[in-house]
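Chemist: Build the full structure now, drawing on both the sequences and the hints.
For the sequence shown, the numbering used here assigns the number 1 to the initial residue and increments by one for each residue that follows.
Hint data in this document are derived by calculation from the structure and do not stem from the laboratory.
FRET-style restraints, in silico, Cβ to Cβ:
1. S25 - E74: 12 to 20 Å
2. A69 - Q33: 18 to 26 Å
3. D76 - D43: 29 to 37 Å
4. G27 - D77: 16 to 24 Å
5. P29 - Q8: 29 to 37 Å
6. D45 - D76: 28 to 36 Å
7. D43 - D11: 18 to 26 Å
Straight-line Cα separation of at most 30 Å, BS3-like style, residue types lysine-lysine; simulated pairs:
8. K62 - K30
9. K85 - K30
10. K85 - K62
Using N, Cα and C, we set each Cβ at its ideal position, and we do this for glycine too.
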Amino acid sequence: MDATEALQTTDAPDDAPTRELDVRSLGPPKPLQNTLETLAEIDDDEVVVQFNDRAPEFLYPKLDDRGFAYDTVEGDDVTVTTIWKA
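Modeler: Here it is as structure tokens:
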């Protein structure tokens, strides 16, 4: 699954600029840290597409606290979470 397919499959705005973030090779807590650092840098209309090897369960409460919307799709070999400012 690529970023375009993920945007079409999730509730994320599919016409927004995207920033891809592949954290599949990173051990905890780096995926969480890298994602939060990336989110601190995005523009209001930008969508982050995170590629992970599992659903980022520890990230969800932090996204809620920071006012982000998100949607996760699990594929055969990748879990993709789209994140955008609500």
